[in-house]
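Peer 1: Note that the protein sequences, when read in sequence, are chains A and B.
Mapping the first sequence onto numbering that gives the first Met the number 0, position 157 (from 1) lands on 156, and the numbers just tick up by one.
Mapping the second sequence onto numbering that gives the first Met the number 0, position 54 (from 1) lands on 53, and the numbers just tick up by one.
No wet-lab data here; the hints were simulated from the structure.
Please note: incorrect hints may appear among the correct ones.
As the list claims (entries may be wrong) - Okay, derived cross-link-like pairs now, DSS-like style, lysine-lysine, Cα gap no bigger than 30 angstroms in a straight line:
#1 A:K22 <-> A:K11
#2 A:K7 <-> B:K188
#3 A:K257 <-> B:K188
#4 A:K22 <-> A:K7
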Amino acid sequence: MDEDTLIKQKEKSWRRYDSLLAKLNTPRKKKLSGELITEFCRLHREVCSDLSCAVSAQRSEGVIRYLHTLVGRGHAQLYRFEKVRIWGMRQILREMSARLYYDNCFRLALVIFYGSFAVSMLLGALGDNFCAALIGEDATLQLEKIYSYSAAQRSAEQNVQMSGYYIQHNTSLALQCFASGIFLGLGSIYCLLFNGVVLGAAFGHMLSGPYNDNFLAFVLSHGPFELTGIAVAGGAGLKLGYSIVRTNGLTRLASLRKAAHDSVPLVVTTAALICSAAIIEGFWSPLDLPLFYKAAMGALCTLILFVFIVVLGRKYGEPRSIQSPRP
Amino acid sequence: MRSLSTQLDTTCELVTPENVKFEYRLAGPMLRSFAYAIDFLVKALILVLLAVALKPFGEVGVGFFLVSMFVIEWLYFVAFETFMNGQSIGKRACSLRVINVNGTPLSSQQSIIRNLLRPADQFPALYATGVMFMIFTRRYQRLGDLAANTMVVIEQRITSPSLSAVDVKATEAVHALLPRRIALDSSLKKTVQLYAEKRNKLPRALLVELVQPAVGMLEAQLELPTGIDIDALMCALYRHIYIGNRNIPISDLNTTHA
Chain A
0 MDEDTLIKQK
10 EKSWRRYDSL
20 LAKLNTPRKK
30 KLSGELITEF
40 CRLHREVCSD
50 LSCAVSAQRS
60 EGVIRYLHTL
70 VGRGHAQLYR
80 FEKVRIWGMR
90 QILREMSARL
100 YYDNCFRLAL
110 VIFYGSFAVS
120 MLLGALGDNF
130 CAALIGEDAT
140 LQLEKIYSYS
150 AAQRSAEQNV
160 QMSGYYIQHN
170 TSLALQCFAS
180 GIFLGLGSIY
190 CLLFNGVVLG
200 AAFGHMLSGP
210 YNDNFLAFVL
220 SHGPFELTGI
230 AVAGGAGLKL
240 GYSIVRTNGL
250 TRLASLRKAA
260 HDSVPLVVTT
270 AALICSAAII
280 EGFWSPLDLP
290 LFYKAAMGAL
300 CTLILFVFIV
310 VLGRKYGEPR
320 SIQSPRP
Chain B
0 MRSLSTQLDT
10 TCELVTPENV
20 KFEYRLAGPM
30 LRSFAYAIDF
40 LVKALILVLL
50 AVALKPFGEV
60 GVGFFLVSMF
70 VIEWLYFVAF
80 ETFMNGQSIG
90 KRACSLRVIN
100 VNGTPLSSQQ
110 SIIRNLLRPA
120 DQFPALYATG
130 VMFMIFTRRY
140 QRLGDLAANT
150 MVVIEQRITS
160 PSLSAVDVKA
170 TEAVHALLPR
180 RIALDSSLKK
190 TVQLYAEKRN
200 KLPRALLVEL
210 VQPAVGMLEA
220 QLELPTGIDI
230 DALMCALYRH
240 IYIGNRNIPI
250 SDLNTTHA
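Using the sequences and the hints given, assemble the complete structure.
Peer 2: Dropping the structure here:
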């Protein structure tokens with residue numbers, strides 16, 4: 000059979016298939032009737048077999064390419080097995096808390112971040128020029144100026160604005176900290192160290208300075224969520240990088256894929272922590288309350304984190320997908 | 000092992016559950032950056048419209064603007080790729096689609112992974128890392144694609160199959176010389192076909208030089224006299240094998256099927 004006859008013979012069903020594909024590529028595919036879908040499936044099988052016949056009979060390039068695109072488009076429509084997992088509350092707690100508690104990378108991230116934070120805070124408090132040397136004279140003066148008056152003088156509108164700013168700025172920063180971990184974890188380590196040292200220096204400088212009351216009243220409440228959020232992101236990033244080094248018998252690429260898949264809940268946790276911190280920072284922290292209430296809020300946040308990570312994590316036990324097979 | 004042709008042709012072969020092999024054409028850095036530019040403009044447009052809409056609300060408006068900036072920055076691609084089956088607005092405009100490397104549509108989880116890792120691909124600037132990885136991986140995958148196990152393919156919609164145009168008049172003389180039944184072996188048949196396909200795309204002299212070694216074999220197999228014009232011979236053979244013995248003008252053929 001020559002090409003012309005073949006095209007004449009098959010063209011009708013190819014065209015029909017093409018038009019059904021165009022219909023299926025709209026978001027309103029639920030409105031397609033069962034008959035149309037059955038017809039589509041039948042035509043898909045027909046076009047598939049036409050393609051293999053055309054290839055083995057060495058049909059002309061134009062016909063084969065045409066059939067390739069038809070099958071490709073049909074394949075993308077027919078095989079969709081997206082299952083959107085809507086986790087129950089219990090499962091979210093189980094997934095995330097146990098993953099965090101038993102994750103060595105998260106532990107390392109906590110040590111790096113809070114360790115550098117503590118050292119830098121000490122240096123910032125003891126040495127007068129440490130903070131200025133680190134973040135610059137101007138930034139230090141700016142910092143002092145911000146906390147020279149109580150944040151309670153802010154208006155409600157300003158609170159909304161600052162809250163939005165914290166959500167946008169801090170969460171983006173944490174997500175970047177996670178993403179850069181793919182470079183063998185180096186990006187995450189840099190990010191954790193940088194933020195730990197700079198924040199620590201600022202904390203040390205302010206706490207040893209004249210405006211320590213204002214400063215403490217402002218940062219005490221949202222600090223736990225915000226700082227731990229960054230550590231969680233860094234930990235997830237480290238995990239991503241470490242998966243390339245230690246593969247547990249998988250190929251490096253497969254190991255990376257598995258780690259990336261496992262890290263999605265961690266990133267969601269990070270975003271949730273930092274967004275909550277931003278809302279606290281925007282609305283609660285500027286309130287003109289005695290220091291006791293601010294400290295209580297900070298303690299409550301710390302308690303929530305402790306219960307979430309340690310108590311629930313231990314209760315649910317080591318998650319299977321994290322366990323590494325011992326050689 | 001990949002054959003040489005798949006390396007050169009930037010296609011990716013898949014086997015469907017129907018047990019049929021088919022190819023996707025992979026999208027390279029250039030096409031993907033066009034799609035990205037369109038998406039970038041769409042995002043910028045949304046933000047400008049939001050800025051105008053939120054202006055009357057003063058500081059509250061600024062707060063909401065910043066939150067939506069964050070949401071658009073991180074969720075624009077995830078939302079579109081999830082609900083439009085692997086296409087964002089820019090990808091749709093350039094007829095690209097993100098799919099799983101096994102050819103199935105991507106899941107929302109994969110979309111989250113490949114878009115969360117964008118900052119790593121953007122490092123240090125202008126997607127330098129991403130482009131590097133695209134150049135050195137076989138499916139043009141950037142880091143996010145590698146981690147999510149996805150690839151970006153070109154999804155063409157060809158409206159009808161077409162045959163290569165051959166000048167009928169010029170082939171008449173040679174056509175008369177050909178035997179009624181022609182059984183060429185597959186590599187010679189492929190040569191004829193590729194010649195006809197590339198005839199109007201490459202310089203004629205270069206093509207003739209390329210098929211020169213095959214001509215001797217053709218002449219021997221078909222018992223033709225030597226010294227036939229190579230171009231006319233190839234066209235006549237193409238016409239004989241694919242279009243049949245009937246004298247249909249090729250221009251007609253294209254219009255009937257367009």
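Peer 1: All the hints need checking, so say for each whether the structure fits it.
Peer 2: Consistency of the hints with the structure:
1. The suggested pairing of K22 of chain A with K11 of chain A holds, with an alpha-carbon distance near 17 angstroms, which does not exceed 30 angstroms.
2. At most 30 angstroms may separate the alpha-carbon atoms for a hinted pair to count; K7 of chain A and K188 of chain B meet this at roughly 22 angstroms.
3. With a C-alpha separation of about 46 angstroms, the suggested pairing of K257 of chain A with K188 of chain B is violated against the 30 angstroms cut-off.
4. Between the alpha carbons of K22 of chain A and K7 of chain A the distance comes to roughly 24 angstroms, so the proposed pair stays at or under 30 angstroms and holds.
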